[in-house]
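Residue numbers (numbering that gives the first Met the number 0), protein chains in the order written: chain L, 0 to 149; chain D, 0 to 365.
Among the clues, some could well be false.
[As the list claims (entries may be wrong)] Pair ranges (Cβ atoms, derived): (1) D:P181 x L:W131: 33 to 41 Å; (2) L:S18 x D:E41: 21 to 29 Å; (3) L:E62 x D:A102: 26 to 34 Å; (4) L:T76 x D:V132: 35 to 43 Å; (5) D:S25 x L:E9: 44 to 52 Å; (6) L:W131 x D:G138: 23 to 31 Å.
The set of hints was computed from the structure by calculation and includes no laboratory data.
Keep in mind that this is a model prediction, so the values were computed, not measured.
We put the CB at the ideal spot given by N, CA and C, even for glycine.
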Amino acid sequence: MSQPISVSHEMDLAWRYASGEAMERFCAGLTDGRIEALRCAACGLRYLPPRPFCGDCRARLTEWVAVGDEGKLEAWTEVQVPMLDAGTGRPRATPFAIGLVRLEGADTTLNHFLAETGAGRLRVGARVRARWRSERAGTMADIECFEVIG
Amino acid sequence: MNARHRRRPGVWLAGAGQTGPAAADSRSIPEMVLAAVEAALEDAALTFDDIDAVVTASVDLYDGLTASNLAVTEVVGAVMKPETRIAADGLCAALHGACQILAGAYETVLVVAHGKASMASFPELTTWAMDPVYLQPLGVDFETCAGLQAQALAAFDERAERRWAELAAERRRQAAGHGVAPPRTAEEVLASPIVASPVRREMVAPRADGACAMLLRQTPGGRGSPGGGQTGNRTRITGFGWDLAAHAPGDRDLEQWAGVGRACARAYQASGVVEPADSLHLLEPSCHYAHEEELFVRASGAGSGPCVSPTGGLFAGAIPVAAGLSRLIAADRWLRQRDEAGCALVHGSWGPIGQGQAVVILEAAA
Numbered sequence: 000m001s002q003p004i005s006v007s008h009e010m011d012l013a014w015r016y017a018s019g020e021a022m023e024r025f026c027a028g029l030t031d032g033r034i035e036a037l038r039c040a041a042c043g044l045r046y047l048p049p050r051p052f053c054g055d056c057r058a059r060l061t062e063w064v065a066v067g068d069e070g071k072l073e074a075w076t077e078v079q080v081p082m083l084d085a086g087t088g089r090p091r092a093t094p095f096a097i098g099l100v101r102l103e104g105a106d107t108t109l110n111h112f113l114a115e116t117g118a119g120r121l122r123v124g125a126r127v128r129a130r131w132r133s134e135r136a137g138t139m140a141d142i143e144c145f146e147v148i149g
Numbered sequence: 000m001n002a003r004h005r006r007r008p009g010v011w012l013a014g015a016g017q018t019g020p021a022a023a024d025s026r027s028i029p030e031m032v033l034a035a036v037e038a039a040l041e042d043a044a045l046t047f048d049d050i051d052a053v054v055t056a057s058v059d060l061y062d063g064l065t066a067s068n069l070a071v072t073e074v075v076g077a078v079m080k081p082e083t084r085i086a087a088d089g090l091c092a093a094l095h096g097a098c099q100i101l102a103g104a105y106e107t108v109l110v111v112a113h114g115k116a117s118m119a120s121f122p123e124l125t126t127w128a129m130d131p132v133y134l135q136p137l138g139v140d141f142e143t144c145a146g147l148q149a150q151a152l153a154a155f156d157e158r159a160e161r162r163w164a165e166l167a168a169e170r171r172r173q174a175a176g177h178g179v180a181p182p183r184t185a186e187e188v189l190a191s192p193i194v195a196s197p198v199r200r201e202m203v204a205p206r207a208d209g210a211c212a213m214l215l216r217q218t219p220g221g222r223g224s225p226g227g228g229q230t231g232n233r234t235r236i237t238g239f240g241w242d243l244a245a246h247a248p249g250d251r252d253l254e255q256w257a258g259v260g261r262a263c264a265r266a267y268q269a270s271g272v273v274e275p276a277d278s279l280h281l282l283e284p285s286c287h288y289a290h291e292e293e294l295f296v297r298a299s300g301a302g303s304g305p306c307v308s309p310t311g312g313l314f315a316g317a318i319p320v321a322a323g324l325s326r327l328i329a330a331d332r333w334l335r336q337r338d339e340a341g342c343a344l345v346h347g348s349w350g351p352i353g354q355g356q357a358v359v360i361l362e363a364a365a
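Pulled out of the complex, with its shape left as it was, chain D reads as follows (with noise of 0.2 Å):
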C-alpha cells in the first residue's frame, strides 16, 4: 500500500441486509427490499434518517416495469432524497455510491438491488437485452452466448468440461443448506441436459430470488453507535474498477475475460496492490457459468493462493442484477468472520457472456 492511498478517504462497509437467495420469494418486490433495508439498518445501527442518498440497481426488462426503481422508491427510503438507478450489476451500484461518497457529497449511501428470477422465464428475457437488428432475430440470449465462449475454451482443452463439472459439483456442495439447489457429484452434472454445447444445466448457477442491501458510509463508526453498529466498521473499499467491453460476442475475445483483467487493473492501482497473489486472501466471483470461474481467475492474476466462493458463490443462486452485491455481502461476512487483516477482491459482471465488469478491492483491518 502507498503513501498516496493512505492520504485518501475511505468507504467504510457500515451494515449489510440479504434476503435470499429464495427458489421463489412469495413476497413482492418492495416487500423483499424493504427486509433487506431494515436488515441493514440493524447491522449498521442507522435509522433511515441516516442515509444521505441511494443508489439503487434493478433493470426494467427483468421487473416487467418500466423505470424500475419506482416500484422501490418508498422503501428504499428514497423519498424527499436524491436517488440514482443504474440499470447493472449490484456492484456497479455500489461503486457509483462510493463515487459519491468519494466526491464529498454523501457521508451515508445506501445501495439496493433485487432481482425476482422466478416472475418471468429468464433466459428468455435475455433474448430481449441483445442488439435488436443483428442478433436478436438470430434468437441469441445470455445461455446461448455462454455456450460459444465455453465451445471456444473447451475447443482445445478436452479437460475443461470435466473441470467444469467438478468445479461445479464444489460449488454446489459448499452452497448446501443455505442455496436454492441440492448438491450435485460431477457425474450427475455430467449428465445433466445441454443447455447450449458444451454448458450443461448443472453448470449453470441456479436463478433465485432476493434483494440485497448495503449502507457505505465515509468513516468508520455509525452516528447512532460509538462502537459503529454491529459490523465494528472493520471492512473498507480501498479500490474499484469496472469496464464495458463491445456488446457482440463476435466482436471479444472469448477464451478470456479482459474486461475483468482492465477492471482489476485499476482497482489494483488504487489499492496499491502489486502483487495479487500476495496481496488477497479472498476472490468472490459472481460467476453464471462453471467455466467463467476459471476465466475470472486468470484475469485477476490472483493465482490458486486466494480462497475463492467458500460459500459456493452464485451456485448458492444468482440473484439477476443483485448478485455482485450479493458477493460483496459475502466477502464482508468472510472478513469480518476471520477476525484478523484480510483483503478480499469481489467481483459483479452484467450483459452477454460479462459485457460489464466491476471489482472492488475490500480491506479489514485486524
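Isolated chain L (complex conformation) (with noise of 0.2 Å):
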C-alpha cells in the first residue's frame, strides 16, 4: 500500500482589526486604572467588557458606568494542556488559571487570568481583586490578573 501525500503548509498572514468606539474608551481607561462598563437604557444591563449594542433589546449603549476592580469569582478553570498565546504565537506555560469575573457595577463577567491555581482558594464566589500592572499600555494585559482576597 502506498504512502499518502500530505502537502504541509505555513501561513502568514496578518489582519488588523478595528476595536470600535467603545473598546478604544475601555482600553483608554485601563492607562489610568478605570474599569467602564456600557449600561443598557432599556434592560439595565451593564456590559463588561463594553460593546455598542444590546442584543437582547436591540438598542444602542451609550451609558458609561463605572465598575470597580474587584468582584466575585463566577467561573473558574485550571488549564494543563499548553493553549497558544496570541500574543506571541507560541504555547502559554501551564499550568494555569483562567476566570470569569464579575465585578461590582458590572452584570456581565470579565475573562481573565488568575493569580494562583489548584483548588485551594479559588472557588466559586471567592471575592476577587485586579492586580494592576505598573506600567500600562490601553491593552486588557493592563490587568496582570485577578488575586483571591477572601
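Dock the two chains into a complex; use the hints.
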C-alpha cells in the first residue's frame, strides 16, 4: 500500500482589527486604572467589556458606568494542556488558571487570568481583585491577573 | 410575463442601507454593520422587532475570524431569532432570504453582508481560498486567475486591452465623487503597472470597506407604515438563479462566463423574461476586473440595449463579500429614481474568476 502524500503549508498572514469606539474608551481607561461598562437603557444590563449594542433589547448603548476592580469569581478552570498565546504565537506555560469575574458595578463577567492555580483558594464565589501592571499600554494585559482576597 | 409568474408570491425590497465603499473605515465591523442595518430599517420604516429572520454573508478568511458571523450577531438583531450565514457573495445571501420568504417561513428577512479589505492584503488572502494540494503550492490567487482569463480573451483579440482600458476609465469616471479611487484616462489605465498580464492595476476594481443591508418582505407596505416606508415598496424580486462552476480554472472555458448564462436562464424563466435585450433596462454586474463586464454582458444575452453600471459599478469600490448586495442596492436606487416601470438584472460573484455566480431580476412598478 502506498504512503499517502501530505502537503504542508505555513500561513503568514496578518489582519488589523478595528476595536470600535466602545473598546477604545475602555482600553484608554485601563491605562489610568479605570474600568468602565456600558449600560443598556432598556434592560439596565451593564456590559463589561463594553460593546455598542444590546443584543437582547436591540438598542445602542451609550451610558457609561464606573466599575470597581474587585468582584466575585463566577467560574474558574485550571489549564493543564498548553494553549496558544495569541500575544506571542507560542504555547503558554502551564498550569495556569483563568476565570470569569463579575466586577462590582457590572452585570456580565470579565474573562481574565487568575494569580494562582489549584482548588485551594479558587472557588466559585471567591472575592477577587485586579492586580494592575505598573506600566500600562491600554490593553487587557494592563490587568495582569485577578488575585483571591477572600 | 406569464400567468404562472403573476400568481407567485413576491419578494419585495422594503428598505436598504449601506456604509461605504470606503478606502479604510476606522470603525469596527460591528459598528459598520450596525450603521447599515439602522439605515435599512429607517428606509423601510421598520424596527428590529419587525424582522423575522436574518441572513448574513461573511467569509472567515477575510475577517481573520472563524465563524465570522459571530462578530455581528447582536447588531443584525439575530439574538433569539433565526439566523443563516453563508460564506459567499452578499447577493447569494439575498437569494437565500428570498427563498425563506417564498417558502412561507418568514414574512420579513434582513440580509446583511460586510467586508473590510483594509484589514489585510486581499490578494494574499485569496491564495488561501484556492485548492490546498494542487493550486496553493503553485501560488495561484484570484489575481493570477484573472490574468489567465484575460490573456485567454486577449490572445486573439488585439483590441481587447484598449477596450478594457476604456471601459475601466469610463467606470472610474462614473464612480468619481462617490468612489474610493480617482478617475483615470484610458491612457493612464494602460500605463498603470501590470498585476497579472494583461490585467493592469487600474483595470482592477479598487477594494474597499463597507457593509450592506437589505430588508426583504413578503408583501408591499411596511408594518409600521401604511405607506410602505420611504421606499414606496415598488420594487420586487421576480426571479433569481445561481450557479457554481468547477473550482480549478483549468476545468473551465475561460473565454466565457458559462455560470452567468446558466444562472440567468433560471432567473429569466422564473421572471417570464423571454428576450432579455427587450425586457431589461439596467444591468448591475459585479465585475472585479474590466474584462469581466464583457463576459457578463455576453453571457446575460442582454446585448447593448440596457444601461450598464451607471454609477461605475464596483469601480466605485469593491467591498469583499458585500459587492453583489451593493449592486442590488444600486439597482434598487436606480429603479426608484427612474419613477416608471423598469426591470433590472443584478449580479454577484465569488471565488476565483467567478466560480460562483448569482443573478436577480428586479421589477419596479410604475
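Verification of the supplied hints:
1. A C-beta distance of roughly 48 Å is found between P181 of chain D and W131 of chain L, which places it outside the suggested range of 33 to 41 Å.
2. At about 26 Å, the CB distance of S18 of chain L to E41 of chain D agrees with the hint of 21 to 29 Å.
3. The beta-carbon spacing between E62 of chain L and A102 of chain D, approximately 41 Å, falls outside the hinted interval of 26 to 34 Å.
4. The hinted range of 35 to 43 Å is satisfied by T76 of chain L and V132 of chain D, whose Cβ atoms lie roughly 38 Å apart.
5. One distance hint, 44 to 52 Å for the beta-carbon pair S25 of chain D and E9 of chain L, is violated here, with the actual separation near 31 Å.
6. Taking the beta carbon of each, W131 of chain L and G138 of chain D are about 47 Å apart, not inside 23 to 31 Å as hinted.
When the structure is compared with the earlier hints, violations turn up for hints 1, 3, 5, 6 and for no others.
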